[in-house]
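**Q** Position in the sequence shown counted from 1, then plus 1287, gives you the numbering used here.
These are computed hints drawn from the structure, not numbers from a lab. All residues carry an ideal CB built from backbone N, CA and C; glycine is no exception. Be aware that a few hints might be false.
To be verified - 27 Å max Cα-Cα, derived DSSO-like pairs, lysine-lysine:
| no. | residue 1 | residue 2 |
| --- | --- | --- |
| 1 | LYS1534 | LYS1388 |
| 2 | LYS1418 | LYS1388 |
| 3 | LYS1463 | LYS1418 |
| 4 | LYS1534 | LYS1521 |
| 5 | LYS1418 | LYS1534 |
Claimed, not checked - Now the in silico label distances, taken between C-beta atoms and shown as ranges:
| no. | residue 1 | residue 2 | range |
| --- | --- | --- | --- |
| 6 | THR1574 | PRO1385 | 25 to 33 Å |
| 7 | GLN1580 | ARG1675 | 30 to 38 Å |
| 8 | ASN1548 | LYS1418 | 24 to 32 Å |
| 9 | ARG1531 | GLU1558 | 32 to 40 Å |
| 10 | LYS1534 | MET1498 | 29 to 37 Å |
| 11 | ASP1553 | LYS1463 | 30 to 38 Å |
| 12 | GLU1451 | GLU1552 | 39 to 47 Å |
| 13 | PRO1470 | ARG1557 | 20 to 28 Å |
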Amino acid sequence: MPPQNNTTLATTNNSAYKPDHAPLNPTLPLTTGVAPELINDTVTNYNNYWSADIDKNDKNVETRTTSYANLTNSYYDLVTSFYQFGWGESFHFANTLPQGKEKLAQACQRHQHQLVAQLRLPHLAGSPEAKQQLLLDVGCGIGGPMREIARFTGARVIGINNNEHQSKIGRAINYKDRLAACPDAGIDGARPGMHPDVDASQTAIVTGDMMELPFEDNTFDGVYAIEATLHAPKLVDCYAEILRTLKPGARFAVYEWVLTNFDPEDMSHRELRRNIEIGNGIANLVTDAEARQAMLDAGFELEFAVNMADPSVRPEALEPWYEALKAGNTSQSFFSIEGFRSSAIGRTVTDYGVWALEKLRLAPTGSHEVSQVLMTAAQFLAEGGERRLFTPMYLMVGRKPE
């Protein structure tokens, strides 16, 4: 069954819906979740999770898997400010209209709408029942998609994130955007029905572990994840936790990072995988077949699975997600500050700027190395996308049996 794309209908019937097209912060905030004097050590510790050997069976794979929470936290403590500068509030990819015909933020919103449409929520925004629906955003980052989906659907959305640095940023934005009752809505350990600030808010962020969700069984009317469960040490266990918290008959929709057409015997494929893992804080990047099997083994009825970057699926009018990352690409680079920042040229300019600031002692020691990690990430993500060996938008929809 093909993906359900009823976002146009939902928008038409939602007079209250107003997309957020606020411009990105024009400055580079060189702040992290790490004390400045510890940034260099944190980068070193992060790099130690990978060995020089690219063999998938090396011992560091097990170390990264068992220490995934520390690995992921170290990564996002270091890179969140860079992500905000380059991508705004939504830390994910999207297929885009070419030659500056839309902002990156608009492409991301369309991508989010398409995902949440797969949940087939019974009530649209504007109806009295819409706010009675409760959704979970797994790995919500600083909450950009969560806020957009709350506006778009009218539902209440709880986000979970294991990185407190990001959670604090997201809660502050929720409050600023009048989607939270107080700046701390979603304090650690809060559950729907257990904390007045959460109950009074349309959005809330809980700091917690996606492998041990702090919610009761049969809580949510829908769950989604956007390029987040890639950090799970064991995908099937993460999906099983999501299944547990869903109401019977409700759906889980996910954009998963997966390897496609992957040959483990091909050294270039293995090298690409390892560099994507290093550049993006991933303990163990899985294949599309492994992701599908994880959904089934967790107990979901898999309604469909499709690579939204595949030319046979992606509308011809849209450029693939990796075009803006490629060196020499100018389709998005010079039409907006957002496009420039996320482009290859923009990343290079930013990287040199960070290097200069660090040399002048205006940025903490280690900041340039963080920038280099992200430069590596962009290079190999673009290569993986162009070679059709990797996608960040493998869309799967699973239904919890009645």
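**Q** State for each hint whether it applies.
**A** Checked hints:
no.	hint	in the structure
1	LYS1534 to LYS1388	violated (40 Å)
2	LYS1418 to LYS1388	violated (33 Å)
3	LYS1463 to LYS1418	holds (20 Å)
4	LYS1534 to LYS1521	holds (23 Å)
5	LYS1418 to LYS1534	holds (16 Å)
6	THR1574 to PRO1385: 25 to 33 Å	holds (30 Å)
7	GLN1580 to ARG1675: 30 to 38 Å	violated (21 Å)
8	ASN1548 to LYS1418: 24 to 32 Å	violated (43 Å)
9	ARG1531 to GLU1558: 32 to 40 Å	holds (37 Å)
10	LYS1534 to MET1498: 29 to 37 Å	violated (21 Å)
11	ASP1553 to LYS1463: 30 to 38 Å	violated (48 Å)
12	GLU1451 to GLU1552: 39 to 47 Å	holds (41 Å)
13	PRO1470 to ARG1557: 20 to 28 Å	violated (45 Å)
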